[in-house]
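Asks: Okay, here's what each chain looks like letter by letter:
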Amino acid sequence: MKITGYHVEHYLMKMDRLVGDANLPSGVEMLPGSILSLETDENVTGISLGYGGGIEGLFGAIEGADPRETVALWIKMNDWLHKAGNEGAASASLSAIDVALWDIKAKLADEPLWRTLGAHEGRVRAYASGLDYCLSDEELFAFYRRMAEQGIDTGKLKVGLDLKADLRRLGIMREALGIASPRPGLMIDANEYWSPKQAVRYVRQLEKHYDLIWVEEPARRWDYDGLRLVSQQVRAAVASGENLHNLADVYPLIANRAVDVINVWTGQSGVTGLRQIAHMAHAHGVQVSMMNAQANYMAHIAAALPNHNMMEVVDPGREHCLKWDNHIEDGFIVLGEAPGFGIEVDETKLRELQANPPTGRGRFPFPRRDGAGRYIVPPAPGEVPWR
Amino acid sequence: MKVTGVKVTPYACPTGGKPAGRHANGGSIVELLTDSDLTGIAIGADEAVAQMERFVAEVLVGADPRATTAIWRTMSEVHAQRRREDPPATTIAALDIALWDLKAKANAEPLWKTLGGTRPRANAHAGSIALTATDRELTGWYGSLARDHGLRGAKLRVGLDEEPNLARLALMRTALEHGTTVPTLIIDAEQCWTPKQAIRRLREIEHEFDVAWVEGATDSWDFPGLKEISNAISAAVCVGGDLATRGEFLPHFQHRSADVIQLDIGIVGITGALELADAAYGFELPVTLAESPGNIHAHLSSVMPYFMSMEVVEPLAQWPVFATDVRIEAGWAIAGDAPGNGLAVDRAALGRAIVRAGR
Chain A
1 MKITGYHVEH YLMKMDRLVG DANLPSGVEM LPGSILSLET DENVTGISLG YGGGIEGLFG
61 AIEGADPRET VALWIKMNDW LHKAGNEGAA SASLSAIDVA LWDIKAKLAD EPLWRTLGAH
121 EGRVRAYASG LDYCLSDEEL FAFYRRMAEQ GIDTGKLKVG LDLKADLRRL GIMREALGIA
181 SPRPGLMIDA NEYWSPKQAV RYVRQLEKHY DLIWVEEPAR RWDYDGLRLV SQQVRAAVAS
241 GENLHNLADV YPLIANRAVD VINVWTGQSG VTGLRQIAHM AHAHGVQVSM MNAQANYMAH
301 IAAALPNHNM MEVVDPGREH CLKWDNHIED GFIVLGEAPG FGIEVDETKL RELQANPPTG
361 RGRFPFPRRD GAGRYIVPPA PGEVPWR
Chain B
388 MKVTGVKVTP YACPTGGKPA GRHANGGSIV ELLTDSDLTG IAIGADEAVA QMERFVAEVL
448 VGADPRATTA IWRTMSEVHA QRRREDPPAT TIAALDIALW DLKAKANAEP LWKTLGGTRP
508 RANAHAGSIA LTATDRELTG WYGSLARDHG LRGAKLRVGL DEEPNLARLA LMRTALEHGT
568 TVPTLIIDAE QCWTPKQAIR RLREIEHEFD VAWVEGATDS WDFPGLKEIS NAISAAVCVG
628 GDLATRGEFL PHFQHRSADV IQLDIGIVGI TGALELADAA YGFELPVTLA ESPGNIHAHL
688 SSVMPYFMSM EVVEPLAQWP VFATDVRIEA GWAIAGDAPG NGLAVDRAAL GRAIVRAGR
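Protein chains in written order, with our numbering: chain A, 1 to 387; chain B, 388 to 746.
If you're looking for bench data, these hints aren't it; they were derived computationally from the structure.
Bear in mind the structure is a predicted one, so any value in this text is a computation, not a measurement.
C-beta: ideal position from N, C-alpha, C; glycine also.
If a hint is listed, it holds; no wrong ones were tucked in.
Sample of chain A residues with no beta-carbon within 10 Å of chain B, all distances over it, derived:
| hint | residue |
| --- | --- |
| 1 | ALA61 |
| 2 | ALA84 |
| 3 | SER136 |
| 4 | ALA237 |
| 5 | GLU319 |
| 6 | ALA338 |
| 7 | PRO365 |
Cut-off 25 Å, straight-line C-alpha distance, at most; resulting in silico cross-link-like pairs (SDA-like, lysine to any residue):
| hint | chain 1 | residue 1 | chain 2 | residue 2 |
| --- | --- | --- | --- | --- |
| 8 | A | LYS323 | A | GLU347 |
| 9 | B | LYS500 | A | ARG369 |
| 10 | B | LYS614 | A | ASP260 |
| 11 | B | LYS583 | A | GLN205 |
| 12 | A | LYS2 | A | VAL345 |
| 13 | B | LYS500 | B | THR456 |
| 14 | A | LYS208 | A | ARG228 |
| 15 | A | LYS208 | B | HIS594 |
| 16 | B | LYS614 | A | ARG204 |
Starting from the given sequences, assemble the full structure and let the hints guide the process.
Replies: And the structure:
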């Protein structure tokens with residue numbers, strides 16, 4: 001059993017709707033996609049979604065190796081990157097390869113990845129996340145109501161630019177989720193738009209009216225002093241970590257008790273790397289929460305983490321050329337029995353997308369907004385539909 | 388190009404419309420002379436003329452004024468060696484500003500461009516007025532800044548009695564509502580509180596008001612006290628407006644006893660402000676710039692990665708004895724294209740305002 005080659009497909013998607021946060025409240029609808037396929041000599045192919053650049057720089061580390069040796073290969077790739085570090089584009093390549101290796105490992109065992117990783121069942125609690133700063137009040141209600149109809153009773157609202165509007169919209173989200181629970185769970189996400197003290201002031205104002213489970217990225221990703229200060233001064237938990245890329249990056253947050261929840265995803269050095277982060281967090285009594293993913297594929301990993309609370313579901317329409325084996329039921333992502341991540345690529349649709357790339361507004365990812373960390377620049381008239 | 392000497396002209400003139408609580412506005416025009424036809428200009432503090440002249444003759448004459456960073460280091464070292472008295476920090480800061488003016492003029496470009504910035508559009512807030520200003524003066528001044536210049540934030544100097552502080556904060560907030568629905572409220576306690584007094588006062592204020600930051604919450608050297616205050620209130624604790632050297636800022640960086648760093652180019656110079664702003668950025672601390680004559684601190688805003696806001700006490704283009712190329716529009720400070728820092732001395736007005744030179 002050997003790794004023999006790889007190929008990468010790039011394409012562009014137009015999502016079903018705009019997504020936006022405090023940094024770009026007007027939102028974007030275009031999303032670049034990549035599919036990495038890792039080939040073996042046994043007719044099994046590992047698939048990895050989302051990033052496929054720079055694989056050639058790392059492929060030498062795994063070529064000819066047995067793909068089932070996932071963790072050993074992770075160590076080898078990490079060592080391979082010793083001098084320049086597991087950072088930036090190299091880290092993204094390592095992450096993509098690791099995901100594909102785990103897909104192969106589970107497929108060879110002819111089982112879903114959640115079972116390979118040791119989960120008891122393929123079932124992960126979900127929360128709804130609208131990436132919704134670009135949605136009108138009506139669209140906001142419709143999104144969370146649609147989620148609540150699937151039993152999801154917790155939502156995360158994008159906030160940070162307009163206290164009055166955020167208070168109103170928290171109420172809209174709560175009302176929409178109200179059919180799933182008499183007491184819906186409320187979370188907020190500022191995407192690093194504030195300084196720590198701005199966060200304290202803002203969140204304290206929101207907490208006069210709402211009980212918040214967590215506030216996400218209230219300060220910069222690496223600022224353990226600032227994140228801890230926020231955590232100590234508000235009632236809500238502080239969540240962060242989505243923009244850090246390996247255990248070494250996350251370590252100061254855990255060691256300094258700066259965060260209460262760590263957002264994890266495969267971009268943190270793959271399945272292996274994010275599991276390391278979750279395990280270290282677990283040792284310190286800190287919870288983790290899985291980020292949203294195309295076709296919710298990361299739920300397989302979440303199902304097997306000892307300290308996972310709930311996984312983000314966005315569902316903006318990113319599955320144009322994918323077939324998948326999971327669904328949402330009673331507020332949980334329920335994973336099927338298809339081997340690996342249970343993802344298949346619809347080659348015909350992929351070729352169509354590549355031949356006729358769609359066009360639309362903006363393109364992910366977007367830059368940081370003016371004023372961030374220093375002063376608030378509220379949306380200009382016409383920038384968002386709710387102002 | 389070489390520095391050949393300095394001309395220092397102390398002046399005093401009546402204050403403008405601002406309720407400043409004093410009858411005269413004073414300072415000195417510092418003109419750094421060179422062997423070219425360029426002159427570097429700075430508005431200095433009320434300088435000891437003879438002392439500045441002596442220092443320039445000793446350290447600057449013969450130097451190429453474009454070597455701003457190297458000269459700053461030399462001046463800072465002399466300042467430190469001589470127990471920060473000969474010359475005082477304000478003297479080397481004024482000379483640094485004049486040197487940067489020369490450097491930009493030598494490039495025939497505005498200072499912001501020489502510094503590496505893009506055209507400044509700097510978030511601005513109103514500086515404080517005298518504690519002795521009447522309620523009517525307070526409402527009138529802040530109201531006009533909000534109405535006519537779009538300022539969205541302002542600083543209130545507070546006193547020892549809490550009742551008037553609360554009442555005046557409400558007046559200031561109402562006045563600012565001409566410009567915004569969410570005014571930025573800033574408090575300056577002038578280091579008159581102990582840490583525990585500060586916590587009691589500020590918590591009472593925060594019961595009613597959302598305060599952005601507080602300056603002078605307690606003594607600026609008391610980093611444990613400032614940290615204690617920061618831990619107990621929602622507002623950011625702002626430190627630095629009266630600090631001059633890196634060594635004085637270090638404890639606040641190290642212990643995070645400041646949530647906002649204030650820099651006064653009249654004390655730390657332009658070079659020092661740039662160095663300290665980068666250090667603050669490394670600690671994720673937003674930077675606010677204290678008032679500067681002619682609002683020339685706007686030039687620095689676009690080269691400070693964590694620039695937050697600059698203090699403005701006089702929003703006009705025409706100051707008593709000089710004109711500036713920085714205008715305040717819709718709450719933003721915008722610098723023009725005049726070479727250097729854009730300050731132009733009004734000789735006639737200066738002639739009427741000169742005070743006896745030297746000390």
